[in-house]
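Enquirer: Protein chains in written order, with our numbering: chain A, 116 to 383; chain B, 471 to 783.
The hints are simulated quantities; they were obtained by calculation from the structure and are not laboratory data.
By construction, the Cβ of each residue, glycine as well, lies at the ideal position given by its N, Cα and C atoms.
Treat the hints with care, since some could be wrong.
[To be verified] If you only want the chain B side, here are some residues facing chain A, beta carbon under 8 Å, derived:
1. 556
2. 565
3. 574
4. 755
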Amino acid sequence: MNQRIIAAIVRKDLRVVRRSRALMTPLIVLPVLLMIVFPTVFTFLPRIIGGARTTFSEMFRNLPDPMKQQFGEFTEATWIRVVHTQMLAPLMLLVPFMVANVIAADGFAGERERKTLEPLLYTPATDAELFFAKLLAAWIPAVMIAFGGAFIYAVIVNVTAWPVMHRVFFPDLTWTVMVLWMAPAFAALGLAGMLLVSLRVRGMQEATQLGGLFVLPVIALVVGEVRGAVLLGPLRAILIGLLVWAIAAALLAFGIRRFRRTTLVGKL
Amino acid sequence: MPAILLDHVLHRYGDTTALRDLSLAVEEGEVFSLLGHNGAGKTTTVRIVNGLLAPVSGTVLVFGRSPLADGAIVRRRTAVLTESPTLDDRLTASETLRAFAEMYDVPRVDIGPRVTALLAEFGIADRAKDRVGGFSRGMKQRLSLARALVHDPDLLFLDEPTAGLDPVATQQLHDTVREMARARGRTVVLCTHNLVEAQALSDRVAVLGGGELLALGTPAELARRITPRLEVTFETDPARHGDAVALITALDGLTVAAERSGVLRISGIPRERVPDVASRLVTGGIPLYRLEPHEPSLTDAYFALQHVSKGSA
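Looking at chain B on its own, in the form it has when it is part of the complex:
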């Protein structure tokens, strides 16, 4: 049973269509990213999945239950880290976690140890009794994440989780996400603009645009599907540049440019032709010190998708 199942979901805000026939499934234990510009439908999706919005049509199931009909049961298993830290400035860090542990019906005996452990894990133990109003943005974000984890959710939504975090805290969050998914089998849904982060963390990604699903797959699949050609750089003797260029341009449809002294770049080469290029250089007597194919990144795929989407709109 998938953790989340969306089947032909449609949602509108007045005359504006926020989600258009969205269908996707998020499997248990995977890290899944929802990518898209502002207004693409990411937050709407999270709200629908948690029963905060009722879709106009379509089916939504979370662990096999409807978030609207069984909202309390569904939300007991989910947690949402909202984009901005939505903490009450007048509560202390410890009070915040305790209050939400109670609201999530965490057994009383577990609350104290869990709160203490989370405060320590996120580096706020020494500020446990301080009011949140005095915290930096990064500390607030860490406390928000601790709050989201206080009931040990099975399904965690992270909306722009690293916005405002320093590199150390960002790394810590990435480790937490990996640990939750890999070691504890939890499902994590990441809503982000940070494509590098999504590529590094996600098992699969869905690219949304204008409320529609533009693409779905692993980051590598997506990148290959959208941009099937590679770039290849190779390093040779600068004195043999001319020979190397002549050999490569003799191959059909390939262009080569000098990147810097001794390094040449071949653009838009089909994956299956990379061995041919290497072979041609070697048999042509060109000293080949290094040859490196560059896989298209999720960022390349994302912008290609958004470009196609805009073009077709």
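Pulled out of the complex, with its shape left as it was, chain A reads as follows:
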């Protein structure tokens, strides 16, 4: 594969994304909300709504036994640990998923809609080079934003929780596994889903609507965490990550077989 051609397409696609306000807005707002606003607000939530302390204690009493055993009785420190290492953790996976999803939608369906795909098909890039370039253009920024966001998240959590925790307690092992192992997997899932959808539809709007359905596994994980049905530990995080990688790989393998100039040109 010609790496120079791949790099040229990736650079072009990223430049195009960077200059689109419509694309950049969700790409900035979502990470800011999930990686900066949420950790700040949730750390201070018991202080902000002090009267609800009993409600939190009640909620803790209703947590599943394994979680209660892990975190013990309600204190502000427990709250901070539960919120950041369990409840909010899976939300972080939305970031790589959505970033990859949005960029992939622009790279596949968006490019077709703008009629800029045809000149790409006339270049010497092979089908495989085009495919990998489009994947990397979505996956690399998704993972970079996830890693960068996770670092900022960790700093914010430790800083805001310092008066209570008096130590650097975050990230724990589970969260580290989630960031380094699960986040890239969810980014791959997000773009694989979008790739499959984009091969079938003509427009960006259609693609984002259908491609967004692939977010359901993340939502399921978040709900499971909040309800205590899925208690993430390092091993479980590795296994879930492995499952997501496997699904993403299967979808991408299916996609690469369908990603042919001769097929794409029919949709122009």
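Starting from the known structure of chain A, arrange chain B on it as the hints suggest.
Expert: Using the frame of chain A, we list chain B on its own:
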């Protein structure tokens, strides 16, 4: 070795036959036009030749290689200017050319000078750092052509290249095509509805209709083959019109009509009878100020062909 060889190529979109047993060869260094109505098969041909479509049957070779098996190698030597400017509005003119130069694997050291030269050649140097979204249609078309030339292709496809261009830009494009073919030996395939342009630029033309090759040859050959009779106008003394008409109508099968004062037009005259007409007028004492045979144009031939094709369909 021809630049393009199509041998009994058949292509279908579902139940619709887009190309039917198309065979033709485009020689290196020639300007070749594909003419035809919308849906005649021009764009399909360009896509097949560049490996974007796989024909149902038949052989396609570009510089001796199959565009499907050796697509990357073939496309490195070709370029396509699509009908509408397919540029990304969010890139600048300079970024567009650089990006495609990289994709065509132009040596890094050559990219800067080549981009600068193309921007200057197509009159967009002062807008090099502006985003394409703010360009007029004509500027976009010029930038598209610059993009097509960024890797100095051996074979250039131009699909309706002058659509939306002003007369100056159109002339510039014609000059570019001539320069590419005549001075640099490049092959140019022009897909157009503009018959005047095709006649002016092309060495040979192929007329497609309903996916079939209706005719192939030089514009003049085609015109003569399809419409072998000429029209002749001559100018004489208006006072001698009656005598002139009488002399000509005495010749078998010729009709003459007054075009304007002093100018008469003879229609449908076989080429070999033009000297006879001139001789008869002179020997008949008719003052002949000017006699001008009008060659049938490619436009005449094209419409005659399409008419025949429609009639036989």
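Enquirer: List, from low to high, the hint numbers that the structure doesn't satisfy.
Expert: When the structure is compared with the hints, only number 4 turns out to be violated.
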